[in-house]
Structures are given as structure tokens and as C-alpha cells.
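Participant: Residue-level listing of the chains:
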Amino acid sequence: MTAMLVLLPIVMAGLLFLLRRWRAVSVLLATAFSLALGLILLWVPAGEPLRLFGLEIVLSGETTLLGRTLVLNPATQAAGALLFLSGAVFFFLDWQLEREGLLVPIGLGLLGLLVGVLLVRPLIYAALLLELVAALTVFPIHADPRSPVRAGLRYLTFFTLALPGLMVSHSLLDLYAMAPDQTQFLYVATALIAFSFALLLGVVPFHLWVPAVGRDGSPVAVAFLFSATGGVVWFLLLDYLRAYPWLSGYAEWSTAVSALGMATAVIGGLLATARQEPGRLMGYMVMVDTGLMLVALAQAGRVGVELGVAMILARPWGLALMAAGVAGLRSRGSELGRDLTGVGLAAPWTTLALAVGGLSLLGFPATAGFAPRWGLFRLLAHSDPVMALLLLLAVGGALIGLLRQLNQFLQTPPRPLERLDGETPAEETPLPAEGFLLAVTILVLAVGVFGLGLFPQLLSDAAAGAGAYFALSP
Amino acid sequence: METPLELINRLSLLAAMPAVFGLLIALGMILVTRRWQIEVLALVLLYFFVGLLHSRIIRPEVALVKALIGWLVCLTLYVTGRYLDERSGKRKPGMQEERLRWLPPLAADTPLRILVLLVVVVIAYLGSVYLPLPQVAAHVGLACYLLAVGGLLLAGISEEPLRVGIGLLLFLSGFDLFFGALEPSLVVAGLLGASNFFIALAVIFLAVTHAVAQEESA
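Just so you know, the protein sequences line up as chains L and F, in that order. Residue numbers for the first sequence follow my numbering, beginning at 1 and rising by one. Residue numbers for the second sequence follow my numbering, beginning at 1001 and rising by one.
Hints were generated in silico from the structure; no laboratory data involved. Glycine residues also receive a C-beta, built at the ideal position from the N, C-alpha and C atoms. A few of these clues could be false.
Covered, in the sense of this in silico footprint (three residues per stretch, anywhere, with C-beta under 8 Å from a C-beta of chain L), are these stretches of chain F [claimed, not checked]: (1) 1038 to 1048; (2) 1054 to 1067; (3) 1173 to 1182; (4) 1211 to 1217.
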């Protein structure tokens, strides 16, 4: 069954590509399929048989596919469940919000490849699969032909540049194992791994692709990229740290990762304060989130990993809502043919989605993102209060950006200027009301965000399981 | 009578260093010229020389498959270039385009591009001397550096999706040449080939999207 987690979504993606003309059918099939796989991964314990429609399913710990080993452990099982469940939400949102979305047929294949990245051993194949994911993600990101393509090119370039480092480091470490006196192999491999993950996570100074993709890409596909691919990159980093424990054993490890995380969060927060295009603001918020996750990882041992995993588990909730808000407001702005001032008054549900999603992404109290941030700030308040303060300021900067954005959307739009010939200018055609299904989806997601904020143990239990598996040496 | 694989093997023995020179000329054509047709032709030549160098490191049949993947990528780029030309041909050419049509197929910023080529050669030479790549011969290391640095700079200085894509493909070719010596696994070779092909598809998609967006804004 483990190999099927990789193969089935890819085969299904091929079938759905043929059905893409019947969009409702293909979306509902993709959503149901993704939801089913997510629930199986969430509820079926590894190694125990489950009977489903007369079929016996066993999620085995280790299996082979094309001669390569696939390993399913509690952490990868939780990550796989997160991927498929968030995939189902994004597919449904894509149908509701994007007229020309390509996420549904391609996204399911991407999920299969991303699960492959999580499961395959040795890690060299994970890097190659991630490159395939990067190339295929360009299609849904730029499904709207009017969007500038520079963001997609930048994203593809950064991911391609990250590939050699991950692959060569693996071979260099093999060489080092054969000749332990050749320490230069070890240093070069460490530098390559650090450089590659900095590119993949969008760490300062390699962050340029993150806000660019947010600004130019289709919001739902971009949220999928930041949640699913971003989450898998995070788990891949944890896998590297587990496979090569000496990486986190360097004396400078904690300082370097903390400094990079803080720089990413602070710069993201600072840039977010300016009133931005909402997609770009989403990119800066993801930078703040990534920075906080890196700072959490730098904290010694299991707690840091747990906090980082909890943040990555909370991220899709905030991003899905924010993407719904950005896509809804953008489409209304383009229908009106002017900037987005006052658009929120005619679209209360999408404005609510943007507000709640943004607050959750920033870790506002009573939202899904709050608990891990609270844990991190409590940890830092004892060990490094200055850093805690700087990170709070970074979050505050992004909050200012969000509030300025909401203020623009909720302002009364300017009246058209009176024409010189004395004629009264034509009134704007009122926009159609938001769809019932979209409103219900946003409401369900918002309730989920507040539910996870009030009952954070749902997230923290999953994070604790992953933390136990990936626990780094203190 | 020699089989194609034996012929490739003999050619690769004869043409180790000349292949690096050929590769440099093809790289120069890509970096300096302005016409996509010449860039694609240079890419075809470049994949030939990279294939020859590959056959010194890995099994000739695998090297042949890698070259074939490269040529398939060239074919897709050529078809896209033709399609984009036909699309733009439907519009009435502006004065600027009319003037450019009569210029030699060099980019407007040719002096800068020649300088970039020189920088690529200097960095590649210094890299191969002072930071030699492990497990590969010196001339193969030089070729890897030429391709990787050339591809990186081309992707960095270009705006058009097709040129950025060619830069990324060059960068990956350089890496592939080096990595073939480190990890001669067939699955790795296959996945790297698939990566090349998917990147080419993504770039083609972006090039067509870019053209449509430009037409709409015109």
C-alpha cells in the first residue's frame, strides 16, 4: 500500500487531466480521492490491516518501488496526511475561485511526487523528485495567462539551483565515510546542504521568489505551493538532520540557524508593513513564518522540532483562507477594472477569509497558528529576550501590513470624477453576490482555524509524534 | 562494420579536448546571439559535445540516451520558437522590429555579452584549476564549470522565458556531466533526464503565456 500512496495519485492525475473539460466532476473526484487518502493516513496505524470495501489495506513500514526503498514512519505518515487533506481543501477552493485553474489535474500528481519525496530513501532521489515537483508547479501557478511570468521563472531557477547541492552532498558524504581524514568533503557537504535549503525555504538573501510568486501567481496554487511543497521541504530538512546528525552537532549550528531565521522574519515583517498587493503580503507573511520556524528549529532538541512541525501543520489553514480572500478580492477588482479600494464592502466573505487567514498565519490568539508561536516566544523569553522582542516586532510589522490592506478594502470607494462636459459619470455596475458554496467553505475553514486555536492539542499531538521521531541532539 | 556505440566510443577517445572547445563555441553562440534559431542550433551542438564527454565517464548507451533527451528538448524549444514567431507574425511589425530584422543575428548588447562570455571562461578556468571537481578528469571538470557558470549567468541576465530556460538547461547539463561520474545509477540518470524535460516544458509554457500576455497588453 505504501507504494500506492505515490503511484495512485499520479495515475489518478492522468485520468483527471483527460476529464478536465468537465471541471466539476474532476474537482469532486480529486477532492474525494485526496480526502480519502488523507483520512486513511490519519486513522490507519502503520502495520495494522484495515478492511475497506472488501479490500485489505496494510500501511507497511518499508517497501520498494523500482528498486528504491520507501519508508513510512509515524512522522512521514502525519506529513502525508497533512498533504492529502490540505490538497483536498485547495482543490475545492481552486474550483470555487479560479476560472482557469490547473491545480486539480496537476496538483494530484504533485501530491504523489511530494509523498515520494517524504518516503524515498536514499535522500538523493527525494531531491530529484522535488525538482520534478518544482517544474510541474509552474503550470498551476501561471494558469492565468494575464499574469507576469517572471515569478514562475524565478521560483524555477531557485529550485533548480538547489538541486546540485542536495545531490552532490550525498556523494561527498559517501566519500567522507570511505576516507574520514578528508574533512574537506564534510565541510563542503555541510555548506552545500545549507545553501540548498536556504534556496528552497526562501531564507534571506534567497527570499526573492517568495513575495514574487505571491504577487504574480494564482493565489490558491501559490498557497498550495507554500503549504504542501513548503511543508515537504521542511520535513526533508528534518530528514537530513536525522540522517546526518553531525549537521546539528556543529558548535555554530544554533547561532547560524537562529540568525538566518531572525533575518528572514524581520525582513519579511519590515517589507510587509508597506501597503502591498495582497498576494505579495501573503508571501511576506510566509517569510515571517519560515523565519520563526527556523528559530524554533535552532532551539535545542525535541521541543524546537515539535514547535516547527506544529507551525507547518497550522500553516495550510491560514494560507487556504488567505488564498480564498486574495483570489476573491482580486477577481472582483479585475471585474471592476480599478484598484481594490472598497472591494471588501461588496465581498464580506472573502474579506473575512483574508482577515482570519492572515491572523492565523501571524499566530494571533485563538487562531490555529497561536499555540506554536506562544510556545516559541515563551521559550525565547527565558533564553534570548532580545530575539523574542525582534520576532514580535516582525510579526507586528506583518500585522500592520494586513490591517492597512483591510483598511483599503473596507474604505468607501472614491466617486468617479465629474466629466468636463457636465454629464454625470456612469455608476459602477454592482458586483454579483458571493457564491453560497464559497461562503460555506470559508465559514468551515474559519471555524477550523478558531477550533484549532481553542483546542491546540489536536495539532500538538501530531507535532509531538513527529518531534519524537526527528528529535535532534540537544 | 562499427556499431553506433563503438563509433561514439572511438569519437570520444579522439575528441576529449576538442569536445570542450566545441562546447565553448556552442556556449558562445548561445550567449552572444539574439536569434532563437541560432540558440537552439547551438544547443543541439552543445548536447552533442556533452554526450561525447559523457561517454568518457558513463556507459556509451546511457550517454547516447542523455544526448537524445537533450535533442528532444531542443526539438520542443524549436517548435515553440516557430509557434511564437507565427503568433507575432500575425501582428503588424513595429518600426523597431522591422529595423531589428535587418541587423545581424547578434543581441543589441553584444559587447556586454562578449564580456559575460569572457567572465564565464575565466571563472571556469580558475574553478577547474583551484577547485578541481573530484572523480572527473581536468578537461571534463572544465566543461562542467563552463556549462554551470554559463547557464547561471545566462539565466541571470535574461528576461525572456526561453533564454532563462536555456540557461537552466545548460546549468543542469554541467551538473549532470559531473554527477554522472559520482553516481552512475540508471535511475538517477533517468530522473535527471525527466527533470530536464519537465523544465523545458515549464519554460515553454511560460514562454507562450508571456507571449499571450504581451499580445493582450499591446
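Participant: Can you give the numbers of the hints that this structure goes against, from lowest to highest?
Facilitator: Failing hints, ascending: 1, 2.
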